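Since the structure of chain A is already known, use the hints to place chain B on it.
Sequences listed follow chains A and B, in order.
Oh and the first sequence: position 65 is 65 in my numbering, straight run, nothing missing.
With positions in the second sequence counted from 1, the corresponding number in my numbering is that position plus 1000.
Worth flagging that the hints you see were computed from the coordinates, not collected in a lab.
Keep in mind that this is a model prediction, so the values were computed, not measured.
Be a bit skeptical, because a hint or two may be false.
As the list claims (entries may be wrong) - Short, incomplete list of chain B residues facing chain A, as computed with Cβ under 8 Å:
(1) V1144
(2) G1146
(3) L1157
(4) T1164
Claimed, not checked - Covered, in the sense of this in silico footprint (three residues per stretch, anywhere, with C-beta under 8 Å from a C-beta of chain B), are these stretches of chain A:
(5) 98-109
(6) 122-134
(7) 153-159
Glycine included, every Cβ here is placed at the ideal spot set by N, Cα and C.
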Amino acid sequence: MTEMPEGVESVDVTDTQARFLENVSIFGSLTEDELAVVMEHIEYYRIDAQKTLFREGDFGSYVCFVIEGKVDIVKESPSGKRVVVATLSQGSSLGEMSLIDDTPRSATILVREPSLLCLFSKQSFDQILETHPKIGIKVLKGIARFLSGNLRNTTTRLANYLLPLH
Amino acid sequence: MKRTTEKDEQPMNETSDTTGTTLNEKHLKLLYQHQLFGDLNETELAIVLRHSKIFRAEKNRTLFREGDEGDYVCFVLDGEMDVMKESRTGLSVRIATLAEGDSIGEMSIIENTVRSAQVIVREPAVLVTLSKGEFDLLVEKYPVIGLKVIRQIARLLSRNLRETSKQLVRFMYPLY
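Bound conformation, chain A alone:
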C-alpha cells in the first residue's frame, strides 16, 4: 500500500468506477485480460478539497488518475510565485514520469474539489515488467505516447509566448 498524506482515505470502488481504467490512455492498448492483471495492482483513494496530494520536489512513486473531482497542478516560478499550470478533471492522469524515472515530482497537486483517485505504483509497475513484459511494453508505449503529446502541447504553448504576435 502506498503511503499517503493526511486527509486521503483508502476506499473500495464499484465495478463501474473500476471500469474507468479502460478509458485511461496509457492502458489503451491492453486487452481485457491484460487490464485485469493491472487492475489487481490499482489502489483507490478519496481526498478532500484544499488538501495537497504531493509537493513539487517530493519523491514520486506512483501515477494517479482522477476518477471524480478536480485537482490543480501548481508550479513555483523562479520568482517564487505559484502558478496553476493545469487543472485536471475526470479521466486525467498525473505523475506518469514517476513510473519510469526516479526524479522528484515536477509540480504540486492541490485538490480543488473532493476527488476520487486511483493509483498505480512504480513498485507494481516494476513487478509487472518482470512478470508480464508484454503488458509492460504496452504500458511503456502508452506512457511514451502520452509524454510525446504532452511535450508537443507544451512546446507549442511555450512557442506562443516566445514568438512575436503580429
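Chain B alone, transformed into the frame defined by chain A:
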C-alpha cells in the same frame, strides 16, 4: 565498449547497406553510449544492430522533409545534419545541427509520426536507422530488449518535458 580492433572492417550485419558501409570502434561506442541504448549490454545492442541499417549519406542530401511520414529513428555516427524548418515568411531556417552521437525521430519506432522538420546532410554522414517495422519484430522476439529501449525513449521524453515545462512556467501568471 570492449571490442577487438581487427573486427572493425567486418560488416556488422547482413542487412547493412549494399555500399558495404561498416561501423568502426568509434561508431559502436557512440551507439553504446546513446541514451536510447543506456540499459542494454553489448549482446543486446548487437541484436538491435542486426535489425538496423547502416548507410553513408552525401552532403546536401535530404534525409526527410517536414510533413513526411516518419517510421524510423536515425542515429548520426559521423558527419553533421541540419534540422530545417520553414518560418512564417516561407524561408527555411536552421533550428538545430545534429552531430555524431545525436539522434532524431525516436518516437517514430513507437508510433507512426509526421516529421516536424526537414533534415539535410551538412557534412558527409554515417547513419544508423532503425525502422518501426524492424523494431516491432525485435520487440516480438526479444521483449526484454524492447522494454529497455522503450523505457529509455519514455525517459528521454520525460526529461524534455520537464525542461520545457520549467521554461513555460516563467511566462505564466501567478496564482497568489
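Hint-by-hint comparison with the structure:
Checking V1144 (chain B) against chain A: minimum C-beta separation of about 6 Å stays under 8 Å; hint holds. Given hint, G1146 (chain B) at the interface with chain A, holds; its Cβ is 6 Å from that chain's nearest Cβ, closer than 8 Å. The closest approach between the C-beta of L1157 (chain B) and any C-beta of chain A is roughly 4 Å, which is under the 8 Å cut-off, so the hint is satisfied. Hint status for T1164 (chain B): holds, given a least beta-carbon distance of 5 Å to chain A, under 8 Å.
Coverage of the region 98-109 of chain A by chain B holds. Counting CB-CB distances below 8 Å, 5 residues qualify, and the rule asks for three or more. Three residues within the 8 Å Cβ limit are the bar, and the region 122-134 of chain A against chain B gives 3, so the coverage statement holds. Counting residues of the region 153-159 of chain A whose C-beta lies closer than 8 Å to any C-beta of chain B gives 4; at least three are required, and the coverage claim holds.
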